[in-house]
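Visitor: Each chain, letter by letter, is given below.
Number of protein chains: 4
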Amino acid sequence: MSIIDKYNHIRKRTEDICSVLTTEDYVPQPVNFVSPPKWHLAHSSWFFEEFLLKKHLPDYKVYNEDFCFLFNSYYNTVGNRTFRAERGHITRPTVSEVYDYRNYIDMHMQLLLQLKDPQVHELVELGLNHEQQHQELLLTDIKYILGCNPLFPVYNENLEWENQENSQSGYISFPEGIYEIGFNGDGFSFDNEHGRHKVYLEPFEISQALVTNAEYLEFINAGGYQNFNYWHDEGWAWVNENHIEAPLHWHKIDKEWHMFTMAGLQKVNPDATVTHISFYEAWAYAEWKKMRLPTEFEWEAAAIQLDWGKRWEWTNSAYLPYPHFAKPEGAIGEYNGKFMVNQMVLRGASCATSKDHSRITYRNFFHANERWQFTGIRLAKR
Amino acid sequence: MSIIDKYNHIRKRTEDICSVLTTEDYVPQPVNFVSPPKWHLAHSSWFFEEFLLKKHLPDYKVYNEDFCFLFNSYYNTVGNRTFRAERGHITRPTVSEVYDYRNYIDMHMQLLLQLKDPQVHELVELGLNHEQQHQELLLTDIKYILGCNPLFPVYNENLEWENQENSQSGYISFPEGIYEIGFNGDGFSFDNEHGRHKVYLEPFEISQALVTNAEYLEFINAGGYQNFNYWHDEGWAWVNENHIEAPLHWHKIDKEWHMFTMAGLQKVNPDATVTHISFYEAWAYAEWKKMRLPTEFEWEAAAIQLDWGKRWEWTNSAYLPYPHFAKPEGAIGEYNGKFMVNQMVLRGASCATSKDHSRITYRNFFHANERWQFTGIRLAKR
Amino acid sequence: MSIIDKYNHIRKRTEDICSVLTTEDYVPQPVNFVSPPKWHLAHSSWFFEEFLLKKHLPDYKVYNEDFCFLFNSYYNTVGNRTFRAERGHITRPTVSEVYDYRNYIDMHMQLLLQLKDPQVHELVELGLNHEQQHQELLLTDIKYILGCNPLFPVYNENLEWENQENSQSGYISFPEGIYEIGFNGDGFSFDNEHGRHKVYLEPFEISQALVTNAEYLEFINAGGYQNFNYWHDEGWAWVNENHIEAPLHWHKIDKEWHMFTMAGLQKVNPDATVTHISFYEAWAYAEWKKMRLPTEFEWEAAAIQLDWGKRWEWTNSAYLPYPHFAKPEGAIGEYNGKFMVNQMVLRGASCATSKDHSRITYRNFFHANERWQFTGIRLAKR
Amino acid sequence: MSIIDKYNHIRKRTEDICSVLTTEDYVPQPVNFVSPPKWHLAHSSWFFEEFLLKKHLPDYKVYNEDFCFLFNSYYNTVGNRTFRAERGHITRPTVSEVYDYRNYIDMHMQLLLQLKDPQVHELVELGLNHEQQHQELLLTDIKYILGCNPLFPVYNENLEWENQENSQSGYISFPEGIYEIGFNGDGFSFDNEHGRHKVYLEPFEISQALVTNAEYLEFINAGGYQNFNYWHDEGWAWVNENHIEAPLHWHKIDKEWHMFTMAGLQKVNPDATVTHISFYEAWAYAEWKKMRLPTEFEWEAAAIQLDWGKRWEWTNSAYLPYPHFAKPEGAIGEYNGKFMVNQMVLRGASCATSKDHSRITYRNFFHANERWQFTGIRLAKR
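Residue numbers (my numbering), protein chains in the order written: chain S, 540 to 921; chain C, 540 to 921; chain H, 540 to 921; chain D, 540 to 921.
Heads up, none of these hints are tricks.
Identical copies carry no separate label here, and so any pair may be met within one copy or between two of them.
Below, a list of computed lysine-lysine pairs in the DSS-like style, where the Cα atoms sit at most 25 Å apart: (1) K920 to K737; (2) K655 to K545; (3) K828 to K920; (4) K551 to K894; (5) K920 to K866; (6) K806 to K794.
It should be emphasised that the hints constitute simulated quantities derived from the structure, not laboratory data.
Take these sequences, add in the hints, and give me the full structure.
Guide: And the structure:
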């Protein structure tokens, strides 16, 4: 596929994701970690404007100077305005005006890509991967926004994401030894995967199946959320302060567990792989099973033999730089490095991840308490 | 005007107020005390459904049982659902669906009003006065929402509300004696005005003019916001914690004070009466002038001789029951009585108050720190 | 009694109150509204140093410049140091050093009082009344500090304050008319009582007895804390956010209500007058009884016929200036005026009030949620 | 040294540390992470009572059942009392009573140790190491408490801890390869060091000197605290929310940097090694120097050649279990494992660490924002 076709294909998918939304759905930011769909649409366009069009398209005219301020997630580099614009309270530009902005960017990106400037190719790839990351966030943010509504609106009644089941079972064993970790191929990868390096692993076993809802319900029914022994000290505080007693989007209605899905409210399907759990919950479940979560290195060593792509799988590795990690110069350098503290690595991909976006060396990361992504649990033992 | 005409006239004004909004403008709730315009539209309709149609229109069918939960501000009487629906995060029903709801209510209200049931007349009057209160809140909430936007969108470029000037000057004197306070006429009034009673007043003087922006700027420039001597202890804490240095909606741009108005961003007009100030600020200004705010009783005694209707005027009276106040039975009893603590009384009316809504005995009330209404300052002295 | 004798008598009582404390008891500040006993001892001495000795005793040498900063409650006038000293975290000066400071002040006050300067007499009276106010706070703060301890230490096993019973019953009626309100005698009074003025009262009845624990338990057992109908909107929020279900210092142990008293943990005595309730609770109780709290004017009009002095009695009057109120010049002007917002008036006196400190015109004031004083309920009706 | 002598020696040091404190100094808990000295004294005694005397000394009688509740840091296992006892607000038992408790425990520990039960030996070692950890916390907590006082009381005017200088300089290089990590000797070690295992390291260089105050001042003067480029995203938020502009205990007085030391307030000594910095600050400093912090594995590999023991040295390793980590059964299992999330590893020892307490494999851990320990910075590069 040509880069222009790829660009158009990926950009169109973002709009397809939003095609069933009402105008109202584009606006709210119910919690800090969720962004309004309107903001995602504008921000991913701003990314191309800021890092490609402004610098590489001759005579390019910025669409609207205010948009830079409103849709820049890199607030640090702005600094010259003190007005605090909360994303969910900004009603203008309207959704329709944001689509006009996207169209303007897309039209100029066609011109830029036709120049076939080899210098811009890498940045376009980065922009498209950035767009794909926002596609997944769009989907989980939309689910979160709809899930705040006691009417439980349906996003797409044909989506079966929450009902995905395992296709493998049992454990695979790996011997101790030196394993090569990190990106080493052609094609795109993020800076945080770079620095192919050796890691010494002790022998381990890893599950071929993810934990199911039925298995997780056993943990709930065994009082897992009421027994501090299974939890990190901070996890236990999180459970109690937030009155957590089940995965996100679960609701007990008439004594039966339901879950809010992209297809609306459903009874919990026991055979499906559990999702919307935090690192704290994944770790507590493993403690209760007298097993553990794999490290990201074990996961990567085993990945070729695993079936994955349903859930982002929590590892017991903190998000830290690889030995050869070096932050790129300029604003792009803020992409990954500055988040390398207090977060845990997730590996694999989820049902909401764009096709061709993830890979075996891909490192996703979230805070230990975050669970609005399609997260899941794969167990390991030694 | 017939009650049907009056109903239709007032209900239409609510929609007229919203006619220039984009769909997006109807959604956010930027702070707790502001409600989304969509919610105002639905809630004021729910009021007629709950207190009139359900009880008095034979065979009335509730439009949507969920709306009762979503648009009831009297959450206390609900209780049977634990889902916490934050007003600004609920995207469905859409704006268009809320207008359908209004139309349904209005259609059935025509039927009810045609029955000419004398029992419902008083409740219809209450519902229409309630609607008018929400019209003013709609206007100030819309201003607040647009004012959160660094693009400063214009609501109506022809509105001159922030630029209203005094038409009187000087002070009027009143002798000591017994004055009659409270509602005593025909027509509608709220329960908090009832209980006409005698109040003994010491001699006082009251200003015929409201404080202007020029006068208030003198206070600012004299360091009024930096000198604790002029402030209540809690007012001083409020100034410092919130870094207050001017009225709400004021912005210092290139060393010059501007204000966000219904007609967009403008330079502060020195001749206009100051607005969007809290009780704390009104009181501090009076201290600085070595004067004081009038009590609500002094205000009412003097009102017939005053020109008012530009700004809600802070009094130095706490919002408390009149001697004969008695709370009506049932949910309507929650209308006023339960708010009679920790709030201050404002008298008069503002540029945003519906015509024929206010009167000399009308008691408005807000917390000492609230200032998103069109508030103002009238001074008194003894 | 000579002024010197009076001075010595009152100053000694402060130390008597503390005589049973351990050194450790003098240190903590468990919540913002409680001050460490050590701080009270030092602050009440600082008051004499700042307003009397520094200005009126020739050649007086300040004991320690740092103490002015540490023990001045009027932080506003300091301003030249940014170090935030939380009262409960300051371990030095030690308790013993604070007593040395008191002795130094007392010794120099003897010298000053021997000068018989008529100018200082009024300030000495103010200082002694200030000291007496801190004596009551000392007692209730000590009770609060000991009440934080799961061991429930005894302050004085012979104190029967929480067990005081009514000596009167029934209601007294008063006709409508003009009543004179405010201080009008000889001797000391606070500025907030000044401005004797006329108030017109409607006819009212007032109870001769305070509400007892038995009566209050009926309210509890009738679900009073679970029924929003009896509460102010803000009171209801306070009940739910703080999980309030009984007066302060009450503990349900083995299904029976106990209370922490100055004499240690005891079973609730049904015949004693209820205490440690907030304004919200007093008001809710009155609503439940279909009665009301008196205004401070009704209370003052009736006071001569009432037996009072057991509990500070909540009125339904907000703490506001009397018509002729004028704030004194200088720092003394901060004594009362700046607190005249968002507080409710209490009348009478409590078991912990210093003898001869209160009077019929005395106006005490606390926030609607505060209840660590010995507060109580007297009902009124019309 | 016999185990009895060792026990007595270590226990005595705890009391020596407190010997210069006033009674008042033992009481406060100015922030959550600091405990009152009184609590440390009692808690470290409770540890011996709970895990040794109650289980292993025949006919042992618990000193006071309430103390278990008050001085147990493992609140999770208690559960049967709901009274929330904030450590800094509990004035009884008094300091003197806590020393009585210590004496009682020590007397019975003599009896237990004379039994020479081999089963208890390991637990005694754990108790003594636990005591030593609390000795260091006692010292840093005392410094924090005294440092809250604007009078800056001196702990010991002869202590030169903050003025310790480097004795080495330059960098040492290490080749890539497999290194053995984790405890592998005789004597005591914590469970978190166990599981000697292989780690593959890339080539690296590590500094022989720690960063000095002079070097750190360069960072400050270069605007390091005002430039987001050097900071983690969360570190930058921490700097701004807390208005951080220098290490903890630093005060700018008359334009010159001072620091509060165990010996009182002093001018910052440029040659001393910087201390009281958070992980965020250590990392930002390294970024500014275009270097990095070592991992805990690099540190351990190099440690034999380093001079350490002045400052706890931040590593860029998250606190996570070693491959063979297994949590002991019972309450002792809560010692380390449950803290293995969201914390960073520090290696070495500080001036405040008990002699013989630390070792090359020792893993200390704190949150990224914590800095009241004697922390420092050692740089690495590749």
